[in-house]
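Trainee: For the protein sequence lines, the chains are A and B, in the order given.
1 is the number of the first residue of the first sequence in the UniProt record's numbering; add one for each residue after it.
1 is the number of the first residue of the second sequence in the UniProt record's numbering; add one for each residue after it.
Calculated directly from the structure, the hints in this document are not laboratory data.
Careful, some of the hints might be misleading.
Not the full set, but computed from the structure, chain A residues with beta-carbon under 7 Å of chain B [claimed, not checked]:
1. Arg301
2. Val302
3. Leu309
4. Val337
5. Lys340
6. Glu351
7. Leu353
8. Lys357
9. Ile359
10. Leu360
11. Lys372
C-beta atoms are modelled at their ideal positions from N, C-alpha and C, and glycine is treated no differently.
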Amino acid sequence: MDAKDILGLPKNSFPAAQEKKPRPPKDSQRKPDGVSREVYALTGGMAPLMPSIEVSHLKKRPNSEKEKITWQWLSFTSSARTDNLQLYHWVRVVNGVPPTGDYSFAKYNKSVDILRYTDEEYEKHLIDPMWTKEETDQLFDLCERFDLRFIVIADRFPSSRSVEELKSRYYSVNRALLIARAPSPSDVSGHPLVKEPYNMVHEIERKRALSAVLSQTKQQERRDAEILAEAKRIMESRMASKSAEDAEMPVNPTGNETEKATAPAESVSPSTNIHPSSSTAAPATATTESASTPASLRMLRVYLRTHVLDQMVQAASSTAGLRTIKRVDQTLQDLGVHVKPKVPTKAVCAEHLELRKEILTLLNLQKQLQNKEAEASANRDSSYAEAPSTPKRSYRADVDRPFVPDSVGFGGERAAKRDHKRKAPGRFIDAPPSPPQSKRPRKLKASD
Amino acid sequence: MPPTSPKKHGGEQQPDTNSGQKSQRSKAARVSDDAADKKTRRLKDAEISFPIVYGTISFWLGKKASEFNSHKWTVYVRSATNEDLSVIIKRAVFQLHPSFNNPTRVVESAPFELSESGWGEFEIAITLFFHNDVCDKQLDLYHQLKLYPEDDNGPQSTKKPVVVETYDEIVFSEPTEAFFLRVQNHPAAFVPRLPAGLNLPLPGPIEHVNEKKRGDTKDHPLSQWFMNFSEADELLKLAAARQQVQAHIVKLRRQLSMIDGLPQQSKTASGQ
C-alpha cells in the first residue's frame with residue numbers, strides 16, 4: 001500500500017479484480033495454433049521459451065530434389081587390418097558414386113612404438129644375468145602385442161615373472177638403448193626415462209603400502225587420524241614454545257576476548273598474529289611497556305600503538321568482569337581522560353595503562369570497604385533504622401562514581417547535593433552509609 | 001660488533017666462513033658480508049616508531065554539488081610532523097566503497113593520499129606496504145569517511161571542510177640493523193632508546209613532545225586543516241587523574257584500616 005503511495009499509483013485494486021485479471025490472458029494462451037491443447041498442457045500450460053520443433057519444418061521433406069541417395073551392400077577393406085580380409089557393410093551412395101577413403105574407424109588403431117634392438121646391440125649393452133636373450137625377446141614381443149599392458153603381459157609370459165620384474169627389465173633395456181643410440185649423452189639426458197630410471201624395489205614397496213592403506217579397517221583409519229592430529233599439536237606447541245622462549249608474556253586473551261574490544265577491525269589483525277603464541281600462554285603478569293617488550297609483540301614486527309594498547313588493556317582487565325571494565329571506563333570519563341587516548345605516544349600509553357591499573361585497585365578497595373562496612377553494620381542492632389528507602393541500585397551507582405565531573409570538583413563528598421536520577425541522597429564513604437540491601441542477611445534477627 | 005644474538009639469525013661474526021650461506025651475494029670483500037649481516041641481524045630490545053596521522057578532509061561542493069557528487073574529499077596518511085613517510089612506506093592501498101570505479105586505489109609515492117568525490121560516507125581501509133628492508137608484513141588502518149558536520153544545522157559551507165584525523169604510531173620492534181641505521185636520523189622517525197651495545201651517533205635532538213603540524217615548512221595545500229596533536233596535553237591530564245586516584249586510594253586504605261580496628265564495638269551489641 002505504502003509502496004503504491006510512494007509511486008503515486010491509484011489505490012483501487014479490489015481483490016476480485018486482481019483475480020480476474022490473470023485469467024483471461026491465460027485462456028487465450030490455451031489456443032495455440034497447430035498443436036493440440038493437451039499437448040501444450042504437457043509443458044505446463046505455457047508456450048515453451050524456445051521452440052523445440054519448428055512446425056513449418058515438419059511438413060516439408062528436407063533435401064527432396066537435390067541428390068540421389070541409395071544404400072548399397074558393398075565390400076570394404078581397412079588399413080588397420082594386415083590380412084586383406086574383405087568385409088561387407090551398407091554404404092551410402094550419392095548419385096551412384098560410392099564413398100572413397102579408408103575405413104572410418106581405422107584411424108583409431110593406435111599402438112605403442114616399441115624400440116627393438118638388434119642382436120649386436122643386445123650383445124653390447126643389454127646383457128643381464130637375470131634374463132636370457134630369449135626371455136627378453138619374448139618380453140618385447142608381448143609388449144608390442146599387448147601395447148605395454150604389463151598385467152596382461154605378466155599373465156601371458158611363459159615363465160612366471162612378476163609385473164615389476166618385467167617392467168624393470170623393459171625399462172632398463174629401453175634406457176640402455178636410448179643412451180647407447182643417442183649421439184651424445186646430453187641429448188638424451190632430458191628424457192624422463194634417463195632422468196629417473198625405474199626402481200623396482202621402490203615400486204614393490206609402494207604398491208604394498210598402497211594396498212595396505214586400501215585395506216585398512218575403519219578403526220585403523222580413525223586411529224591414524226588421531227595420531228596425526230596429536231603429532232601436529234605437539235609440533236605446533238613445540239614451535240610456539242620455541243618462539244615464546246622469552247619470559248614475561250602477558251596473559252594473552254583468546255580470540256573471543258579480543259573481539260570484544262571496541263574496534264574489532266583493529267584488533268583482528270593483531271589477534272591473529274598473536275594466536276600462534278597464545279597456545280602456550282604462560283600466565284605471567286602483564287608487563288609494563290619498558291625495555292622488555294613481550295614476546296608476542298616482538299613477533300609482530302610492525303604494529304600500531306593503539307592495537308597494542310588495546311591488548312594491554314584487555315590483558316590488564318582480563319581478571320575483571322565486564323561490569324568492572326565499564327566502571328573503569330566510566331571513572332576515566334569522570335576524570336576527564338579519554339577512554340582511548342587521542343595522542344597515543346609511548347609515554348601516553350604507558351601512563352594510560354598505569355592509570356587504568358590504579359583505577360582497578362581503587363575499585364577493588366572500594367568493594368572491600370563496602371563489604372567490611374556491610375559486615376560491621378550488620379552486626380549492629382536491628383532496630384537501627386533501615387535505609388530511608390535506598391534502592392540497591394542507586395546506592396551502588398553512587399559508590400561507583402566517586403569522580404563525578406562536577407564543577408564542584410573531585411570527590412563524592414558533595415554527592416549529597418547532586419540530583420542525578422537517583423532517589424537516595426547521594427552519600428559517599430565518609431558518612432557511614434546505610435548498608436546495601438544485598439548485604440543484609442538474616443543477621444538482623446540475631447540481635448537479642 | 002654488537003654481541004646481540006637475536007632469535008632468527010645467529011650473530012655471525014666471522015663473515016668469511018659464513019659468507020657462503022648468504023647466497024645473495026658473491027663471496028666478495030668483507031664489506032659486503034657486513035652489509036648482508038646488517039640486513040638480517042635484528043636488534044633485540046629496540047624499536048623505532050613513526051608517529052602518523054591519517055584521516056579525511058571533505059569539502060562540500062556548494063553550487064556545483066549534484067545528487068551523486070555532493071562532496072569532494074581526500075583521504076591521506078601523513079607523518080605527524082609532516083615529514084616524508086616514503087622513507088618506510090613503499091605504497092599505500094586505499095580500499096574504497098565498491099560503488100567507486102576501481103575501488104582499490106594504489107598510491108606509490110608520497111604524499112600518500114587520494115582525492116575523490118562522492119555523496120556517501122563509508123569505511124575506508126588503508127593498507128600500508130613497507131619497503132623490503134623495513135618489514136614484510138603489511139599494516140591495516142580503518143577510517144570512517146565523514147562528509148557531514150556534527151551539528152546538522154542548515155547550510156554547509158564550501159570553505160570549511162569536515163576534518164577527521166586519527167593519531168597513531170607505527171612501531172617496528174626488533175628492526176634489522178640496516179634498517180635502523182638507515183632511518184634513525186630521519187625526522188619522521190622516533191627512536192626511544194638506543195639498543196644496548198650499539199655504538200652509534202645519537203640522533204638529532206628531535207623531541208617529539210609536541211606533535212604540532214608545521215604547515216609552513218610542508219607545503220601541502222590542505223595543511224591548514226591539519227589538526228594539532230599535543231602529547232603534553234594528554235600527559236598532563238593523565239598525570240592529574242592519576243594523582244586523584246592515588247589520593248583516593250590512600251584515603252580508602254585509611255578507612256579500611258579504621259574499620260578493621262572497629263569490629264569489636266559493633267559485635268558487643270548483638271551478643272553473640
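Trainee: Hints first: check each against the structure and report whether it holds.
Mentor: Status of the hints after comparison with the structure:
1. Arg301: Hint holds; arginine 301 (chain A) Cβ to chain B Cβ min 5 Å, cut 7 Å.
2. Val302: holds (4 Å)
3. Leu309: violated (10 Å)
4. Val337: holds (5 Å)
5. Lys340: violated (10 Å)
6. Glu351: At 4 Å from the nearest chain B Cβ, glutamate 351 (chain A) passes the 7 Å test, so the hint holds.
7. Leu353: violated (10 Å)
8. Lys357: With a closest approach of 10 Å, the lysine 357 (chain A) hint is violated.
9. Ile359: Holds, because the Cβ-Cβ distance from isoleucine 359 (chain A) to chain B comes to roughly 6 Å (cut-off 7 Å).
10. Leu360: violated (10 Å)
11. Lys372: holds (5 Å)
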